[in-house]
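Student: What follows is each chain in one-letter form.
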Amino acid sequence: MLSKRVIPCLDVRDGKLTKGVRFQGNVDIGDPVETARRYYEEGADEIVFYDITASHEGRGIMLRVVEQVAAQIFIPFSVGGGISTVAHMRDVLLAGAEKVSVNSAAVKNPAIIGEGAAAFGSQCIVVGMDVLRVPATPEIPSGYEIVVHGGRKRTGIDALWWAQEAERLGAGELCVNSIDADGTKDGYELTLTRRIADAVRIPVIASGGAGTPEHMAAAVTQGRASAALIASIVHYGEYTIAQCKEVMAQHGVKVRTVW
Amino acid sequence: MLAILDYQAGNLTSVRRALDHLGIPCTVTADPGTLRAAQGVIFPGVGAAGSAMAHLTATGLGDLLKELVAAGKPLLGICLGCQIVLTASEENQATTLGIIPGRCQRFDASLTDEDGHPIAIPHMGWNTVRLTQPCRLFDGIDPASEFYFVHSYYPVPESRYVIGMTHYGLDFCSVHGKDGLWSVQFHPEKSGRPGLTLLSNFFAYCQEVSHAQ
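Going down the list, the sequences are from chains Z and X. When you line the first sequence up against the numbering used here, it's residues 1 to 259, in that order. When you line the second sequence up against the numbering used here, it's residues 1 to 213, in that order.
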């Protein structure tokens with residue numbers, strides 16, 4: 001029986017691990033390679049790197065981070081942030097990542113999803129979605145709207161429609177991040193997670209709002225997610241990954257306990 | 001030295017990185033002389049059965065693999081490699097190597113999980129392997145260990161070759177073969193310490209065989 005995955009997310013800027021409320025006041029908190037190795041040894045099922053570097057030079061730095069991570073950790077990891085071409089996807093995958101994640105670039109140019117899937121296989125292509133709760137309108141019937149550029153720009157695209165469209169175009173997985181919940185530590189946006197998980201047949205990773213391991217259990221039970229993305233609750237040592245999994249198991253969630 | 005078969009199917013570097021980390025000498029190659037000289041061959045898997053098989057046939061690597069196996073060269077198939085050693089695949093209706101009798105079929109979209117929801121295809125993530133016969137690849141590996149899978153097709157070898165089973169919508173064979181000719185549907189190179197142990201066990205077997213000869 002397939003285990004639910006626990007996935008720490010590392011925001012990287014200019015080769016340094018950074019974390020704040022995303023996109024606002026990020027501060028460097030360490031070395032991404034060292035941190036990834038620690039999470040690998042502590043039982044992470046997968047790791048997500050989110051490159052928030054804007055510069056061209058920073059991109060080369062990120063590729064070197066990916067190479068170092070790939071030489072030391074032997075679980076799947078994905079890289080996202082600023083990836084907008086198949087050539088860039090190839091660089092990241094050849095450097096050793098298992099998957100690439102596209103977000104704003106896919107909203108702007110949905111064809112990138114299919115191009116990436118055709119070149120590398122759907123299992124390599126994660127579509128990340130930043131979602132904002134809005135009043136339901138004929139244009140946004142679900143009441144969930146896709147936003148881009150770190151939540152600053154609304155798109156007029158319904159999140160439920162976009163999830164299904166991304167699946168149709170060849171996405172292998174969706175990472176659904178609630179802008180409303182992100183950084184609150186009050187729990188994931190379970191209604192959003194559930195509605196998207198029920199609407200597609202590809203795995204959904206719940207993102208944004210994790211404050212306790214109970215929240216993670218709820219994301220995969222009530223929210224029907226396949227995986228829970230976490231950041232600050234492990235970055236600042238409040239919980240270990242093993243503690244998170246222990247609580248999830250107590251809530252009847254099947255998790256990987258031997259590593 | 002282990003040879004990782006290069007059949008132009010994509011990224012083969014993850015297996016090499018894992019072996020490098022373990023200090024196991026290896027090379028990624030399609031050269032017949034190097035493959036013959038290696039203590040064992042790893043047949044990694046990415047891509048589709050049809051195109052991979054076309055390449056193996058066109059280059060003669062398929063025949064070479066069969067020759068090596070017949071001569072007792074240890075072989076470890078991974079993922080697509082685990083499927084291509086069988087006789088046929090539903091994927092692209094491909095006729096495959098036929099080293100192990102059996103076929104490969106696609107997860108049926110009507111299969112459901114424990115909660116009655118349709119399963120996602122591909123089967124992607126961590127899952128357990130229940131051994132149905134002893135296998136030295138798993139020496140020193142906790143039976144509760146999980147391995148990382150990514151696949152839409154699964155092997156159905158003749159029952160005497162079934163070594164391990166995994167559950168996803170149904171029970172399927174995730175490890176098959178016989179001594180020195182093993183295949184695993186999961187990716188040991190992405191399965192953390194248990195996967196690395198499995199690769200070490202394979203190399204240890206290859207060393208024993210080459211020293212005995």
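It should be emphasised that the hints constitute simulated quantities derived from the structure, not laboratory data. A quick note: this is a predicted structure, and the numbers were derived from the prediction, not measured. Treat the hints with care, as some may be off.
As the list claims (entries may be wrong) - No farther apart than 20 Å at their CA atoms in a straight line, the calculated lysine to aspartate or glutamate pairs in the EDC-like style are these:
no., chain 1, residue 1, chain 2, residue 2
1, Z, K254, X, D31
2, Z, K108, Z, E165
3, Z, K254, X, D115
4, Z, K254, X, D113
5, Z, K254, X, D139
Student: Against this structure, judge whether each hint is valid.
Tutor: Here's how the hints hold up against the structure:
1. Our distance criterion of 20 Å between C-alpha atoms is broken by Z:K254 and X:D31, whose separation comes to about 44 Å.
2. Note on Z:K108 and Z:E165: the hinted pairing holds, with a Cα-Cα distance of about 13 Å set against a maximum of 20 Å.
3. For the given pair, Z:K254 sits about 13 Å from X:D115 by alpha-carbon distance, which is consistent with the 20 Å threshold.
4. For the hint pairing Z:K254 with X:D113, the CA-to-CA distance comes to about 13 Å; that is within 20 Å, so the pair holds.
5. Only pairs whose Cα atoms come within 20 Å are accepted, and Z:K254 paired with X:D139 is rejected, the gap being roughly 25 Å.
Going down the numbered hints, you'll see the structure goes against 1, 5, while the others check out.
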